[in-house]
Structures are given as structure tokens and as C-alpha cells.
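There are 2 protein chains.
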Amino acid sequence: MKLLIKNGTFVTMNGNETIRDGYMVVENDLIQYIGKNKPIVESEYDEIIDGKNRIYMPGLVNTHNHAAMSLLRGYADDLALQVWLEDNMWPMEAKFTNEDVKWGTHLSILEMIKGGTTSFVDMYDHMDEVAQAVEVSGMRACLTRGMIGFGGEEVQDAKLKEARAFANDWHEKADGRITAMMSPHAPYTCPPEFIEKIVQAAQELQLPIHTHMSETQHEVMENEKQYGLRPVAHLQKLGVFDQPCLVAHAVHLTDEEISILKEHSVHVSHNPGSNLKLASGIARLPELKKAGVLVSLGTDSAASNNNLDMFEEVRLAALIHKGNTYDPTAIPAIEALRLGTIDGAKSIWLNDVGMLKEGMKADFISLNSNQAHFLPKSDVISHIVYSAGASDVQDVWVNGKQLVKNKELLTMDEEKIKFEFNARFERLTN
Amino acid sequence: MKLLIKNGTFVTMNGNETIRDGYMVVENDLIQYIGKNKPIVESEYDEIIDGKNRIYMPGLVNTHNHAAMSLLRGYADDLALQVWLEDNMWPMEAKFTNEDVKWGTHLSILEMIKGGTTSFVDMYDHMDEVAQAVEVSGMRACLTRGMIGFGGEEVQDAKLKEARAFANDWHEKADGRITAMMSPHAPYTCPPEFIEKIVQAAQELQLPIHTHMSETQHEVMENEKQYGLRPVAHLQKLGVFDQPCLVAHAVHLTDEEISILKEHSVHVSHNPGSNLKLASGIARLPELKKAGVLVSLGTDSAASNNNLDMFEEVRLAALIHKGNTYDPTAIPAIEALRLGTIDGAKSIWLNDVGMLKEGMKADFISLNSNQAHFLPKSDVISHIVYSAGASDVQDVWVNGKQLVKNKELLTMDEEKIKFEFNARFERLTN
Chain A
868 MKLLIKNGTF
878 VTMNGNETIR
888 DGYMVVENDL
898 IQYIGKNKPI
908 VESEYDEIID
918 GKNRIYMPGL
928 VNTHNHAAMS
938 LLRGYADDLA
948 LQVWLEDNMW
958 PMEAKFTNED
968 VKWGTHLSIL
978 EMIKGGTTSF
988 VDMYDHMDEV
998 AQAVEVSGMR
1008 ACLTRGMIGF
1018 GGEEVQDAKL
1028 KEARAFANDW
1038 HEKADGRITA
1048 MMSPHAPYTC
1058 PPEFIEKIVQ
1068 AAQELQLPIH
1078 THMSETQHEV
1088 MENEKQYGLR
1098 PVAHLQKLGV
1108 FDQPCLVAHA
1118 VHLTDEEISI
1128 LKEHSVHVSH
1138 NPGSNLKLAS
1148 GIARLPELKK
1158 AGVLVSLGTD
1168 SAASNNNLDM
1178 FEEVRLAALI
1188 HKGNTYDPTA
1198 IPAIEALRLG
1208 TIDGAKSIWL
1218 NDVGMLKEGM
1228 KADFISLNSN
1238 QAHFLPKSDV
1248 ISHIVYSAGA
1258 SDVQDVWVNG
1268 KQLVKNKELL
1278 TMDEEKIKFE
1288 FNARFERLTN
Chain B
868 MKLLIKNGTF
878 VTMNGNETIR
888 DGYMVVENDL
898 IQYIGKNKPI
908 VESEYDEIID
918 GKNRIYMPGL
928 VNTHNHAAMS
938 LLRGYADDLA
948 LQVWLEDNMW
958 PMEAKFTNED
968 VKWGTHLSIL
978 EMIKGGTTSF
988 VDMYDHMDEV
998 AQAVEVSGMR
1008 ACLTRGMIGF
1018 GGEEVQDAKL
1028 KEARAFANDW
1038 HEKADGRITA
1048 MMSPHAPYTC
1058 PPEFIEKIVQ
1068 AAQELQLPIH
1078 THMSETQHEV
1088 MENEKQYGLR
1098 PVAHLQKLGV
1108 FDQPCLVAHA
1118 VHLTDEEISI
1128 LKEHSVHVSH
1138 NPGSNLKLAS
1148 GIARLPELKK
1158 AGVLVSLGTD
1168 SAASNNNLDM
1178 FEEVRLAALI
1188 HKGNTYDPTA
1198 IPAIEALRLG
1208 TIDGAKSIWL
1218 NDVGMLKEGM
1228 KADFISLNSN
1238 QAHFLPKSDV
1248 ISHIVYSAGA
1258 SDVQDVWVNG
1268 KQLVKNKELL
1278 TMDEEKIKFE
1288 FNARFERLTN
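As given, the protein sequences belong to chains A and B, one line each in that order.
With positions in the first sequence counted from 1, the corresponding number in the numbering used here is that position plus 867.
With positions in the second sequence counted from 1, the corresponding number in the numbering used here is that position plus 867.
These aren't lab readings, by the way, just hints derived from the structure by calculation.
Treat the hints loosely; a few may be bogus.
Using 25 Å as the maximum straight-line C-alpha spacing, the simulated PhoX-like pairs for lysine-lysine come out as follows [stated by the list, open to error]:
1) B:K1285 with B:K873
2) B:K1285 with A:K1244
3) A:K919 with B:K1274
4) A:K1244 with B:K919
5) B:K1129 with A:K1244
6) B:K1283 with A:K919
7) B:K919 with A:K1285
Sequences and hints are given; from them, build the entire structure.
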């Protein structure tokens, strides 16, 4: 399969490069050429696309989600994290069956792909359902069975066994589109010994670790009270940072903690929308960036966001730190877009995704630029960051395969997904 | 003309009322009925719409904009307000002709209407062009010639004469869809004597006053240095608050200043997107609300936002104050939506707009709810505030007349507007 796109505007994320009236050649799963030169022979292509009125860019990478929780979108809002989680989310999630997770995940995947997200991280339960959904969807994903350590050693061991089995079954499967991690849910939900066991398993399986960390002030204080350490030192002590590690949130950090994260090359998934909605606070993104910590963006679940539009997270990352620090240069547009693309890919150890460049995987999207909010033709990166949204996505390719064409999802039945999803919600709430 | 909408979901903004499977009757420019009762005789209607998979709600009200500045979208970003304004915006705006303002405004109106905004405030120059654009578009608008007082008394008098003439020509015109205000641009651009003259003119003409106020810390400090007063006391002293008054921004306020605004029934247009982008700060919305100040939402211009999507402003108002105060109940979803609808209408002295209720003007929109990000059918107000965007708008009516049908603008030629707009941008930058 050989595809030529001509006359397109390409935001490559190779530095701040924008190629206007350019060409891109995709052969099978790889980008073979991108640049200003017109190929002489057009006949050798299976498909030629006229990219006029289209902006091409790498697909967005969502580095923190619990996809099945779309079933709880709008179910409980405007509550503090602990109340929201313990009194509203957990009781409902306890009812979730395989089928619920299946259709909740399908709906989130539908929303994510159509909105230009090509890779995502998912931490949840019933993970076989999630992996199967990813496999059929054509997306890329980094998946992990999230382990909450309540209920004693037997329950913990069963969960760890399940997490290991999942990783064994799915790591590097689905044409290499699925990878796995190991996940203690959070320091406040996992006893230290359990976290150590998980770290050991991650070492044996040679897998990264993903966890929630320092999301709220309350959590940090409680951790200090219970263990005499703030979460960063606590996780460091338990060996979590000795493995490749991606932590979600990291809102409440001291300068010293930022240095520890940098020293151990810990990756941070910044979730601005969720952190604002749950009133967790505003993460120290400018300081994290300045220290050289690799930061990416996540929506968190649709229950705390409440959509899975990664353009919004990019925009929030660009906006809120300016307003919060009185510095209009705090996070420039190109930096925010990097968080959502190339840095997202690196954050989940994908080194051939997130940039339009020869030899990279063909994970890319097109936006319809023939709309008022993309005009005038001034700075296309500014338009993407400050003005675009999920609904501007016209086409999506992952691994060289087209998943969305003219806003239509090709790999899954959208109406069936919405129907089944609604039925699951009815069952859960009646 | 008599219209019946059946089987719709209606978010009325009459309290937090949501009517599912309801009916709405519109006769000419007014809502004649809304509720659960099915009309017995369907034959008396000129049009019957099946509202299945549609959410109907009042149109959004954007209470601060400079529409023509869409020509400068993406022209200069990530700069401090004074640098952005004085070194980038003003030199370009000085080049604007009637034609530039015409097509810049047309493009903004196109973006606003298609995105569900039915009323807007515009403060600019070449205002006849703006009023003519509003007239043909079918929108509602509260318009004002913004007066910058640099250049001496003669220039000031000429501007004031122009502003008076504009108000005389256009106030309550276009079937009553256009109203006028008088606008000293800001305390930092207008000498006190000029502001007093404008106040006097507003009194004579019985028009409200609109101005920028306390947008940045820098402005507040400079005002104190120059006049010995912070902007609120300064404007109060000049009589600005003795007229009905709408101030934009009001980011930097003391408790005492909030009390003064309340006492004088000053309305505040909160512009969260622009304030974040220009690093002006985060306004004290929870305190303003608590004090009983009437607050609404504005996008500000597309040059500092950078889109005119009022759903985003509603969402930002709901999100950022939670994150900034660690209080998840700071601005509940329904409160945020009120800012963008009914309170927006009240802010510009429209008492028959902003709510779906018998006797109110038929300014309303429909959203396509058959999309992943509107599911499950849990809390529709939550979905609108936390998940919706301009692109979800399917239909728009203003004053009982349909302006957008299935995403297509009926009153203006979209392709022509984009073409002319692009040509104006080319001229300005070459």
C-alpha cells in the first residue's frame, strides 16, 4: 500500500517546522517521504489524496485515561476528588462487568479516534476487553491493569497475577500496536509491600510502571501522616522510579521532588482538565519543563474531564500556566503541541511515533482548515493550539492504515457502539 | 410563522429545568409555549421539527468582543498584553479600512452564529460596517464605537461625535436587534476629562457605558501612579458607574472594589480565555458571584482567545475557578451556563432573551446529542458545560428566524466571506 498526499499543509513536530504545499508518501506502516518535492511519477501510488484545505499533523497521544469510565460521564460532578471517587465512582465501578467495560471502552475509543487521538494509555480492570477493543479499532495503546491494594494479600496476589497474565498476553501484540505496563493504582490505595511486589514483577517482565501520584494536597498530607514521607520520596523508596515510570497528575510537587523526578527520568502525564474540574490544583508545568522532565498530556477519564478531546488539553496546557504565573511566554503554543504529540509518544516509550518524518510510523491526522476559526492563514500552529477542537478532525491514520475517512470511523460500527453503550448505562442505573 | 418542535430535550435556563421529550411552539419572534404537553392539532403549524437527538437551549451571549480583529488571529501570540497591544495590534489596526472591518466582522459573525452565539457585544471602530453586518446576519448585538483618547481634544471630539452619530443611527434598529452603548476604551487610554464627556453623552442619549477595566496588575498600578486611584475608584469618581455600565475583564479587584461594583449595579464581562492567554490573571469570579454582581462571559477578540467558541468560555468559567481555589463547588455547571446565557442577556439589558420560556424572544439553538461525547444520557447540563463545543450546534434561531439549518448558515454566503476575508488579510500583510 503506497499513499501520496499532495498540496497539504504539514505541521511535522520536527522542531517547529510547517511545510506548506508539501507532499507526504506513506508506504505500508511508515512515512517514506515528507517535504516540498513533487514526486515525478504519480502512477506508482495506490491512492493519491489532494490535501488542499487540510492540515496534516501527528496524531495526538493521550497518556492517562480510564476509558470505560465514559459510562460515568455526567454521573457525578462538582465534587471533591475523594468524595467523587469513594462515594460515587467506586460503588458504580464495582458493578462493572466485562460487557460494561467493553462498551464503555468502545465508546471512548470512538470519541478518541474521531477526535484525532491515535495512541492512548489505559489503566483499568477487565483489561482483556480493553485490549480487544484496541485491537479491532486500529488504535495504538499502552495498557495496564490498575491494581488497588485494598482487601488483603490474597486479593492483591490475584490482581497481580491477572496483571502479569494480561501483560504476557498483550504486550507487543496487535501488530505491535499494544504495549503493557504494570500499575499500582496509587500510593494511597496500595500498601507499600504490595507496591514493592508490583515493582518486582515489572522488573521481571521488563515493563514500565504507571501510577497516580500527588494529585491533591490532601493525598500528599495523608501520605506524610501515614508513611512519614511525601508521595515522591515514598515511591522512590519503594523502587518505583528504578523502573521506567510514568506518573499521572503530579500536581503538588516541591522543587526537590521535581529534581528527583528528573534524576530518575520519571515521565509526567499532566491532566489539566481533570485537575481543574476536581479542584486538585494547577500542576507546576513550567517548572517541570524547565527542569527537563518529560511531560505529556492526558484527559483522565470522561467522568472527570468530561470529554476526551486532546486539543482541549493542549489548549489548557498553553493557557492556564500563563494566567496562573502572569507570564505570557510560560508555555508557548509549540511547546503545548509537543506535549500532546511527540512528547506523549516518548512518554510511553514509542520512539517512532509523534512526528511526521521519514522512517516514523504513519500515525497522523488531517484537520479541515477551511473553517472560520482557522483563518486567516497566519500561524497554523497557533490555530491548532488556540482554536482547534476534536471536531475539526477529518481523517485519521494509524500504523499506515486509515481509521477515519471524512469523519466516518471505518473500523467500528458507531451506531452499534452508541446503542450498546446506552443499554449498559441503563442497566447500571436501574 | 408558527413553528412546533416536538420530542426535544429542552434546557430552558429557567432555574435548572430540563424538559425531556417536550414541546416548544414559536410564533413569529416569540416563544408561545414550552412544556410537556403535546398540542392536539398539528395542522396549524407552518413547520414541525422532530427534536429527537437534539438538545434545545437559549443561544449564547458573548458580552465582549472586537469582531474585526479576527483578521489578526494568530498574528501575534504568547506576548504580554501591553506589548501585544501597543507593538502588534495597534499598528495593524491603524491600517484597517472600512472593508477590512466589514470582512473581519463578517467572518467573526459567521464563526459566532454557527457556534451557537445569538447575541454579542462589539466595541470597535468603523462601526457602521459592523452594524450592517449584524443587520444582514440576523444576529442580535449591542454595539459601541470604542474611543481611545490619544491625540488631543480635536481627535477626541471627532470620535465622540462619531459615537453619538452611530448610536443615533443604529440604537434599536434592525427589528430591534441592535442596541448601542457609549465606550471610553479604557482608563489607561482615555484622559479623565474625555471619560467625563463620554459619560455626559451617555446620559443625554440614555445609553449604557461599556469599557475595559482592571485587566492587568500593570494597568492597576499605572492608574494608581497616574491618578492616585485604582481603576474602580477612578471610574466611579468620573461618574461612569452612575450610568448603567458593563465593564470587561475586571481581573484585579479588591473586596472593597467588588462592593462598589455591586452597589452601583455594574455588570462584569468575565473573559477567562483571553485573560489566561494574555497572562492577565484569573478574575475573582466566585467572589463576584457571592457579592451578587451580575457577571457574564465574553471571548474578547479572536486575536487574544483565539476562537469565538462561547462553550469554551462557559467551560473555562466552570473549570479554572475550581482549580484555582481548590473548591470543586466554586462555579457549578449550571452557574457557568447561566453566565453564558440568561446572565449574558441581562448584562446587556435584554430582559426577554436568554431563557426558553413563554413570552421570551425566540433566540435559541439546537445541539446534536447523538455523539459519543454527549453520552450517556445522564446530566445534560453537565454535558453542555463540560463536554460540548461550537461544532455541536446544528440549528440557530434569532428573533424567531432560522439563521442556521443543519450547520449551514442561511443568511450569508460562507464561501464568499472566507474568500474576501483572506483577501483582506493578504492586503494587510503584504
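Now for the hints, and whether the structure bears them out:
1. A threshold of 25 Å between alpha carbons decides the hint, and for K1285 (chain B) with K873 (chain B) the separation of about 35 Å lies outside it, so the pair is violated.
2. A C-alpha spacing of about 11 Å is found between K1285 (chain B) and K1244 (chain A), which places the hinted pair at or below 25 Å, so the restraint holds.
3. Taken as a hint, the K919 (chain A) and K1274 (chain B) pair is honoured in the structure, with Cα atoms around 22 Å apart against an allowance of 25 Å.
4. Straight-line distance between C-alpha atoms of K1244 (chain A) and K919 (chain B) comes to about 38 Å, which puts the hinted pair past the 25 Å bound.
5. Straight-line distance between C-alpha atoms of K1129 (chain B) and K1244 (chain A) comes to about 43 Å, which puts the hinted pair past the 25 Å bound.
6. About 18 Å separates the Cα atoms of K1283 (chain B) and K919 (chain A), which keeps this hinted pair within 25 Å; it holds.
7. With a CA separation close to 15 Å, the supplied pair K919 (chain B) and K1285 (chain A) stays within the 25 Å bound.
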